[in-house]
Amino acid sequence: MFRLKNKALAAVTITALMSLGSATAWADGLADIRKAGVLKVGVFEDFPPFSSVGGDMSLKGYDIDVAHALADALKVKLDLVGVTGQNRIPYLTGHRVDVLMSVGKNAEREKVIAFTQAYAPYYIAVIGPKAMAVKEAADLAGKSIAVNRGTLEDTSLTAAAPKSADIRRFDNYSAVIQAFLSGQTQLMVVGNDVGAQVLAKRTDIAPEQKFQLLSSPDHLAVDKGEPALTTALDDAIGAMSKDGALDKISQKWLGKRLDPKDLVDQ
Amino acid sequence: MSGLDFGWLPGAAGDLARGVTTTMMLIVVVTAFGTVLSVAGAAARRSRSRLLRQAVASYVEVIRNTPFLVQLFFIFFGLPSLGLRLGNVVAAVIAMTLNMAAYGIEVVRAGLDAVPRGQWEGGTALGLSRYRVFVSVVLPQALRVIFPALSSQIIIIMLESAVVSQIAVRDLTYEADMLQARTFRAFETYLVVTLIYLGLATLMRRAMQAGAYRWILGGRP
Amino acid sequence: MDEFSTADIVVNLLLAVRWTLVLTAVAFAGGGGVGLAVLIARIDRRPWLSRAAKAYIGLFQGTPLLLQLFVMFFGLPLLGLEIEPWMAATLGLTFYASAYLAEIWRGGVEALPKGQWEAAASLGLHYVTRLRLVILPQALRLTLPPAVGFLVQLVKATAVTSIIGFTELMKTADAINNATFEPFTVYGMVAVIYFALCFPLTTYARHLEGAPSR
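Protein chains in written order, with my numbering: chain W, 5 to 270; chain H, 174 to 394; chain P, 4 to 217.
Treat the hints as calculated values from the structure; they're not laboratory data. Possibly wrong hints are sitting among the right ones.
[Said to hold, decoys possible] Straight line, CA to CA, 20 Å or less: simulated SDA-like cross-link-like pairs of lysine to any residue:
hint, chain 1, residue 1, chain 2, residue 2
1, W, Lys115, H, Asp178
2, W, Lys115, H, Leu177
3, P, Lys57, H, Leu376
4, W, Lys260, W, Ala204
5, W, Lys115, H, Leu376
6, W, Lys228, P, Pro80
7, W, Lys147, H, Val263
8, W, Lys44, P, Thr170
9, W, Lys167, H, Arg343
10, W, Lys115, H, Phe179
11, P, Lys57, H, Leu332
12, W, Lys115, H, Ala354
13, W, Lys109, H, Arg343
14, W, Lys115, H, Glu361
15, W, Lys167, W, Ser148
16, W, Lys44, P, Pro80
17, W, Lys228, P, Glu85
18, W, Lys109, H, Thr356
19, W, Lys260, W, Ser245
20, W, Lys205, P, Ser8
21, W, Lys44, P, Trp89
[To be verified] Coverage of chain H stretches by chain P, computed from C-beta distances (three or more under 8 Å per stretch; other residues unrestricted):
hint, segment
22, 187–197
23, 214–221
24, 306–313
25, 369–382
We put the beta carbon where it would ideally sit given N, CA and C, even for glycine.
Make the full structure from the sequences, and use the hints.
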């Protein structure tokens, strides 16, 4: 027992010292990635069909396939890092990850992080049970709505919803979906494709998409101080959309062809 | 990382004050329910019904040997499958109350045990009912033992309550989460809010100590 | 998306228990080490040192663990470290444990009869030697029941590290729950697993209390 504790402690100390060393050099992210041979990509772990765990606890989805392709393009290995809406920007600026997937672009964020071109369509939609009449933002008055806090869903819902709407902000997508499915909130605001996964699973509640709040295609986000890395990733996305790789991924996970119009920010 | 930035703080005072209010309101409600449940549970532990005694004992063990966060998620996300749907604030209050009482019952029991048996016998010899003896004779004496332990328990539950932000209760931690998403100054935000919790815990401890001397122990500290 | 069978859920949860146990063990061992240092400072006769240790204990016992973890997590870059859930979880719980263990042990030191100090001093032992050979061994033995009781608290506390993204039992449950949409089953099983970890410790602590060693 005591020896085991000592070993664990030693392991912690050694790893701590190692990460101390690696944190010292961050001159050029792209060169560092090439040298280390690893691209660290921040992805959600509860965000189907973009990225979620399967029965073997490994991550799969649209974002995961794109992440693999990015690592291949840079000729390095892929290291997937699970993130939440709350910690992912600090992860990026703290260099815990090199790039984030599934980031919607807005002016506030552009002050802090850099974006590549969009790689996936994403509509933010209001989802609720068939029986409930909700057609537009004004109908949200007095309704309870679950949303992932600090995300674009949150910002756009908060801006669009009337004051009397009861917006419940949760920490991750898992809690948002769970709160809606268990009837803790009447509606939820998520991406329409995230919603589609839930809709397919729960025929008993018969949830449906009520209306779209905003189209906000997903971008890769990179630290502002890494122009070389941003360009390299932007080029990789450009190449993938030219050679049809993105379209294949879209058909696989979203069940439809990629429409270039869907990748334009509003 | 650039230097620390607290420039957001003045603009956040309103949000933080709202969070403090919610947290304190939760504590007041939970203290009231939790105290009643603790006394009732302690009485049940001394009941003549074996079944009741064992039921209370099992409840205490289950709560004390599982994490608060798991209890909270089970009540909020899990119970609706059984048709029992509780709002987030109600779920938080129930989880906190169940927690406080699981420790409170033991505290009250220890307090009651500290009152000599002779007090019970003396009371019943005067022709008072068991209930009357408990309320008028035993409980006031037991409170001297109970109060300090129960007030630490209240502070512990206040500190544990930070996780109710996870089911979207707008407490102080929830406000901190919202603020850091807006300011991108996560470290500074959580540091300030941690210190606010420390201030609240200190104030509560002082207030309860003063209350104890005023009403229970008599005289001045 | 793959389907989870009930067996998958159980197996994945049980695999995740490893990390709960490793985290508990590392935090208890690390917390014991740091806690001993805090204890020695706390019972020191120099008021500034004793007061600093008291403030340290008060800080960790007077603030929510979740907030301690957040500050640690987002503060790691300030220490020149990478922002990393397991690092924040390990350091956070180690400091947390050190404060509680130091306070528990202080109770043990104060419960020792004054004669122990005097007897040790009359043997001509140096302060440090007195602590090491006479006072600390007795205080640690005397406070074994509350220390084991705190171990239960620590096992439960590891669940909070799921919120900063450390993949232990609770975090795994959240992920599985999101794929299965069966919160009653998943969190129910998680509660049973935590109970199976904690209840034997609680019983052991109670057993020790019943038969205090001298």
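The hints, checked one at a time:
A hinted pair counts as satisfied when its Cα atoms are at most 20 Å apart, and lysine 115(W) with aspartate 178(H) qualifies at roughly 16 Å. Pair hint lysine 115(W) plus leucine 177(H) holds up; C-alpha atoms about 18 Å apart against a cutoff of 20 Å. Note on lysine 57(P) and leucine 376(H): the hinted pairing holds, with a Cα-Cα distance of about 17 Å set against a maximum of 20 Å. For the proposed pair lysine 260(W) and alanine 204(W), the alpha carbon gap of about 16 Å is at most 20 Å, so the pair holds.
Among the hinted pairs, lysine 115(W) with leucine 376(H) is inconsistent with the structure: their alpha-carbon atoms are about 40 Å apart, more than 20 Å. For a cut-off of 20 Å, the pair hint linking lysine 228(W) to proline 80(P) stands: about 17 Å separates their Cα positions. This hinted pair checks out: lysine 147(W) and valine 263(H) have alpha carbons roughly 18 Å apart, not beyond 20 Å. Note on lysine 44(W) and threonine 170(P): the hinted pairing holds, with a Cα-Cα distance of about 18 Å set against a maximum of 20 Å.
Using a Cα cut-off of 20 Å, the hinted pair lysine 167(W) and arginine 343(H) holds, with the two alpha carbons roughly 16 Å apart. This hinted pair checks out: lysine 115(W) and phenylalanine 179(H) have alpha carbons roughly 18 Å apart, not beyond 20 Å. Between lysine 57(P) and leucine 332(H) the alpha-carbon distance is near 19 Å, which keeps this suggested pair within the 20 Å criterion. For the given pair, lysine 115(W) sits about 14 Å from alanine 354(H) by alpha-carbon distance, which is consistent with the 20 Å threshold.
With a C-alpha separation of about 27 Å, the suggested pair lysine 109(W) and arginine 343(H) falls outside the 20 Å cut-off, and the hint is violated. For the proposed pair lysine 115(W) and glutamate 361(H), the alpha carbon gap of about 19 Å is at most 20 Å, so the pair holds. Taking the CA atoms of lysine 167(W) and serine 148(W), the gap is about 12 Å. The hint holds against a cut of 20 Å. The hinted pair formed by lysine 44(W) and proline 80(P) meets the criterion: a straight-line CA distance of about 17 Å does not exceed 20 Å.
Between the alpha carbons of lysine 228(W) and glutamate 85(P) the distance comes to roughly 18 Å, so the proposed pair stays at or under 20 Å and holds. Restraint check: the Cα-Cα separation between lysine 109(W) and threonine 356(H) comes to about 17 Å, which is no more than 20 Å; the hinted pair holds. Under the criterion of a C-alpha separation no larger than 20 Å, the hint pairing lysine 260(W) with serine 245(W) is consistent with the structure, at around 15 Å. The straight-line distance between the Cα atoms of lysine 205(W) and serine 8(P) is roughly 15 Å, inside the 20 Å bound, and the hint therefore holds.
For the suggested pair lysine 44(W) and tryptophan 89(P), the alpha carbons sit about 16 Å apart, so the restraint of at most 20 Å is met. Look at the segment 187–197 of chain H against chain P: 0 of its residues bring a Cβ nearer than 8 Å to a Cβ of that chain, fewer than three, so the hint is violated. Check result for the segment 214–221 of chain H against chain P: violated, 0 residues qualifying (beta carbon to beta carbon below 8 Å, three or more required). Coverage of the segment 306–313 of chain H by chain P is violated. Counting CB-CB distances below 8 Å, 0 residues qualify, and the rule asks for three or more.
Closer than 8 Å: that is the beta-carbon criterion, and the segment 369–382 of chain H has 4 residues meeting it against chain P, so the requirement of 3 holds.
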